[in-house]
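Participant: So the protein lines, in turn, are chains Y and A. Counting from 1, position 105 in the first sequence corresponds to residue 105 in the numbering used here; the numbering is continuous, with no gaps. Counting from 1, position 20 in the second sequence corresponds to residue 20 in the numbering used here; the numbering is continuous, with no gaps.
The hints are simulated quantities; they were obtained by calculation from the structure and are not laboratory data. C-beta: ideal position from N, C-alpha, C; glycine also. None of the hints are false.
Reference listing, derived: stretches of chain A covered by chain Y, where coverage requires no fewer than 3 residues with Cβ under 8 Å from a Cβ of chain Y: (1) 7-17; (2) 20-34; (3) 71-79; (4) 96-107; (5) 119-133.
Number of protein chains: 2
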Amino acid sequence: MKNSLYIVIVGCGRLGSHLANQLSRVGHSIVVIDSNEDTFDDLSPDFSGFRVVGDATQIAVLSQAKLKQADVFFATTHGDNVNLMVAQIARKIFNVPHVLARVFDPRRVQIYDQLGIETICPTSVAAEMFLLAVASSRAAAGDAKP
Amino acid sequence: MKNSLYIVIVGCGRLGSHLANQLSRVGHSIVVIDSNEDTFDDLSPDFSGFRVVGDATQIAVLSQAKLKQADVFFATTHGDNVNLMVAQIARKIFNVPHVLARVFDPRRVQIYDQLGIETICPTSVAAEMFLLAVASSRAAAGDAKP
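Could you build the full structure based on these sequences and the hints that come with them?
Facilitator: Here it is as structure tokens:
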């Protein structure tokens, strides 16, 4: 029955708009919230979801996005604190089953974990990829030989 | 012979300082370049590498970092254009064998590829992780059933 999910995305920057465009394209119902209306310019012409202009840390704005009906909630603003706050509201007050927040500061990941918020940390992922590159350079430099 | 690599890192933000600390700790020779001296505060007390204060798009600054001897070069500033520029200088002028640049805008990745610069795009990686989360939500919502 449920082929399409109801997904609310806070933040319409590079990541938020990319997710909104992709997920709308494959048939999900999307609502994007951003306090800056100009960011909606990054939504593609075939984006079929809704745009809500407002501060997502305000319950009224989240209610306007019909957050209670959401299957998935993404917090993708550039502020780690904003993401944590809206993610907690989505989880605890609106009972959204699947909540994810982007967090730039790797030191915060553990705190978010303890607060029950699933996170994605692009900084840590990038760091791992850079460190892998070093490992491959060591191999190329003949590090295996004593 | 070559257990330790000579690694030059441009940008001492969250990613740059994390890489510098990690790689110094395991015995590599590190030089970090940043135009803002305050960013070096994020280097750990046991960081054994060198700090260079300056604009890394200037050849003189890169020479001061002894870039010619580098095995690996990382461009990790918050500016995609700066990263592309310094990465190209490292590759083409200083002939560093392994050059990597962080790029936030996924649309630029292809251009950088064509210019021979290996990139790591945290935005794309984060997007993939968010999309995977949606896939798991669909599965949980019983999407498999028609």
